[in-house]
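If you count the sequence shown from 1, you need to add 2 to reach our numbering.
No lab work stands behind these hints, which were simulated from the structure alone.
In this text, a Cβ means the ideal position worked out from N, Cα and C, and glycines have one as well.
Keep in mind that the hints are not guaranteed to be accurate.
Below are the DMTMM-like pairs computed for lysine to aspartate or glutamate, each with C-alpha atoms no more than 25 Å apart in a straight line [as the list claims (entries may be wrong)]:
| id | residue 1 | residue 2 |
| --- | --- | --- |
| 1 | K85 | E123 |
| 2 | K21 | E154 |
| 3 | K56 | E108 |
| 4 | K78 | D68 |
| 5 | K75 | D157 |
| 6 | K130 | E154 |
| 7 | K5 | D157 |
| 8 | K14 | D25 |
| 9 | K82 | D157 |
| 10 | K21 | E123 |
Pair by pair, the computed Cβ-Cβ distance ranges are [unchecked claim]:
| id | residue 1 | residue 2 | range |
| --- | --- | --- | --- |
| 11 | D160 | D90 | 16 to 24 Å |
| 12 | G209 | S151 | 43 to 51 Å |
| 13 | D157 | N104 | 43 to 51 Å |
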Amino acid sequence: MVKELTEKIENKSIADQLKFLADRFSGKIAFSTSFGLGDQVISDIIFSNNIPVKVFTLDTGRLFEDTYKVWDKTLKKYNKAIKAYFPDSDAVEKLVSEKGINSFYESADNRNECCHIRKVEPLARALKDIDLWITGLRAEQSDTRTELSIIEKNDMYDLIKFNPLINWKLDEIIQHIKDNDVPYNDLYNQGFISIGCAPCTRAVKLGENVRAGRWWWESKEKKECGIHVSVNTVPRISTKNLDL
């Protein structure tokens with residue numbers, strides 16, 4: 003099916019790719035947004051073209067205030083629904099009661115446990131009964147995303163994954179946002195390039211990989227939360243003023 007779908011959407015615009023897939027997977031297609039730059043581009047295409055795709059987000063409970071602001075701006079601009087999924091309250095209460103509020107700084111195991119509770123488990127619920135999952139992943143984002151394909155089988159959730167921006171560069175993302183007046187997170191103008199939970203994200207320094215600001219206290223390799231898993235190496239790219 004991966005090969006067939008890839009051939010079917012080849013040479014189509016992203017809007018037409020999404021329309022085709024929304025028809026092919028009617029009622030079983032969803033897009034996960036974290037309100038990052040690339041995700042905002044996809045949301046803009048979906049909402050502006052009234053494409054019937056379920057759009058959802060994971061609210062970990064520890065997001066930046068700026069993320070909530072762009073979430074609100076997005077709702078107001080498009081007047082479209084964005085479904086929120088939260089972590090299981092009992093699991094969060096148990097984690098914090100037993101290990102403290104910032105246990106993720108103490109070890110990789112603790113960090114992975116926190117990510118699992120706050121992101122992986124809610125995502126599994128969000129993707130239940132979904133056959134095609136749309137993401138904003140791009141190959142240049144990190145050392146672990148260079149082997150992604152535009153359409154691929156995801157065994158973890160037993161579905162097809164569609165990465166429409168896989169080959170887009172940051173400059174293309176920024177241009178789309180400017181051209182279409184798309185809401186974006188103000189943190190991008192403060193050196194934040196990949197934005198996750200507030201305690202786990204810092205601004206990126208010149209010459210660092212775009213995801214160097216995520217879990218910066220850990221190994222420089224395999225900087226993922228468990229939602230997206232891939233391997234290999236990508237060259238570092240110089241950060242700059244995004245001029246948004």
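Unmet hints by their number, sorted upward, for this structure | The structure breaks hints 3, 5, 9, 10, 12, 13; every other hint is satisfied.
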